[in-house]
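> One letter stands for each residue in the lines below.
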Amino acid sequence: ILNVEQSPQSLHVQEGDSTNFTCSFPSSNFYALHWYRWETAKSPEALFVMTLNGDEKKKGRISATLNTKEGYSYLYIKGSQPEDSATYLCAFKTVGNQFYFGTGTSLTVIP
Amino acid sequence: GAGVSQTPSNKVTEKGKYVELRCDPISGHTALYWYRQSLGQGPEFLIYFQGTGAADDSGLPNDRFFAVRPEGSVSTLKIQRTERGDSAVYLCASRAGSSGANVLTFGAGSRLTVL
Numbered sequence: 001i002l003n004v005e006q007s008p009q010s011l012h013v014q015e016g017d018s019t020n021f022t023c024s025f026p027s028s029n030f031y032a033l034h035w036y037r038w039e040t041a042k043s044p045e046a047l048f049v050m051t052l053n054g055d056e057k058k059k060g061r062i063s064a065t066l067n068t069k070e071g072y073s074y075l076y077i078k079g080s081q082p083e084d085s086a087t088y089l090c091a092f093k094t095v096g097n098q099f100y101f102g103t104g105t106s107l108t109v110i111p
Numbered sequence: 112g113a114g115v116s117q118t119p120s121n122k123v124t125e126k127g128k129y130v131e132l133r134c135d136p137i138s139g140h141t142a143l144y145w146y147r148q149s150l151g152q153g154p155e156f157l158i159y160f161q162g163t164g165a166a167d168d169s170g171l172p173n174d175r176f177f178a179v180r181p182e183g184s185v186s187t188l189k190i191q192r193t194e195r196g197d198s199a200v201y202l203c204a205s206r207a208g209s210s211g212a213n214v215l216t217f218g219a220g221s222r223l224t225v226l
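Chains as they are written, first to last, in the numbering used here: chain A, 1 to 111; chain B, 112 to 226.
Same shape as in the complex, but just chain B (with noise of 0.2 Å):
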């Protein structure tokens, strides 16, 4: 596609629910990320995939949150037991390679309210 998608751009859930959230990165892209944005701070890593892979997870906050992205394009990020401090932007990007000149193309964000 012509840039990141994400979906849904808005989520309202209630504690405890399942949620999922999708990112469609840029075509032949191969380096995907997931960030999260609290109110009042900068986005935060959670993940980042490299391929099929993920190449680094350290920022994922607990085992409630998983990432997949199986076949090496659309990644889904999974919320279990989701907390009221969950609530926040997810965001997504995809990168076109390793080079230090390649930048972080963003999707629009999928805002996750818990309730």
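Pulled out of the complex, with its shape left as it was, chain A reads as follows (with noise of 0.2 Å):
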């Protein structure tokens, strides 16, 4: 079993305001890492794969950044609006195709 690590565990910010959370990953036989958001009564989506150290993805106001050295990415929302209100979950992909899923970081925006 692989430590994933997420923090916050939740967060609460003002709409408008930019947030930002880390998920953190065992820096050895990395594979890929992948963002989901997991919205309430919904199932979750992928928002991001990421396979290359110094990786930058952005989709709108979302962005992840990759560091495979040190075992971190960080998941970026500009100008948070209600609705990025969601769970985001990291996975970390083994070689074996296996996902090892964090404990979610848990966002509210406050309208």
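These aren't lab readings, by the way, just hints derived from the structure by calculation. Any given hint might turn out to be false.
[Stated by the list, open to error] Chain A is nowhere near these chain B residues, computed Cβ spacing over 12 Å in every case:
{"no.": "1", "residue": "119"}
{"no.": "2", "residue": "123"}
{"no.": "3", "residue": "130"}
{"no.": "4", "residue": "133"}
{"no.": "5", "residue": "155"}
{"no.": "6", "residue": "173"}
{"no.": "7", "residue": "177"}
{"no.": "8", "residue": "185"}
{"no.": "9", "residue": "189"}
{"no.": "10", "residue": "206"}
{"no.": "11", "residue": "210"}
{"no.": "12", "residue": "218"}
[Claimed, not checked] Residues on chain A that point at chain B, a partial pick, calculated with CB under 10 Å:
{"no.": "13", "residue": "24"}
{"no.": "14", "residue": "36"}
{"no.": "15", "residue": "103"}
Owing to the predicted nature of the structure, the values given are computational and were not obtained by experimental measurement. Every residue gets a Cβ at the ideal spot worked out from N, C-alpha and C, and that includes glycine.
Please dock the two separately framed chains into a single complex, following the hints provided.
So, in structure tokens, the structure goes:
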């Protein structure tokens, strides 16, 4: 079992604020890191797949960076909106095609 | 189908009973995963199928849990002699292939409550 940690566990921000959270994972045997967004009463949906050290991905106001040497990824949300409220999960993919998830960061954006 | 379908969406059962949870993946997806999510935790890996075979069942917590995928499509997670600690949301996900770029597509989950 791999240890994937996310912080903070929960976050409340005001609409318009920018925010970021962290995913930490083992720096050895890295294959890929996925970010998923899980809205209440829906299924988790993929945001980003990151494979190379130094990767930066962006989708609208959300972006992510990856540092495989030190074992962390940051997810950034610029100008948070109420519809960004969700749990954000990261998943470490092994070469054997298992995915190990962190505990998630629950984001609440207050209008 | 258009997405991953899981049934039932909710199941309430009594301690000691047998439960089956079904997952119908996206057509053509060769990989299928089962996860369990308890309150305050992230999804916990249970088992991964590649085609009909269980490529990795190391996450099954004990021998009361078993999963099958006989024709390489629909999978059933079977829990015998349920215990209160089995209460959780059971998530199924499928994946098109083993490329690092292929993401997991999740179903809506089956919420199991053991009384």
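> Let me make sure I understand: some of the numbered hints might not hold for this structure. Which ones are they, in numerical order?
Of the numbered hints given earlier, those the structure breaks are 5, 10, 11, 12 and 13, listed in rising order.
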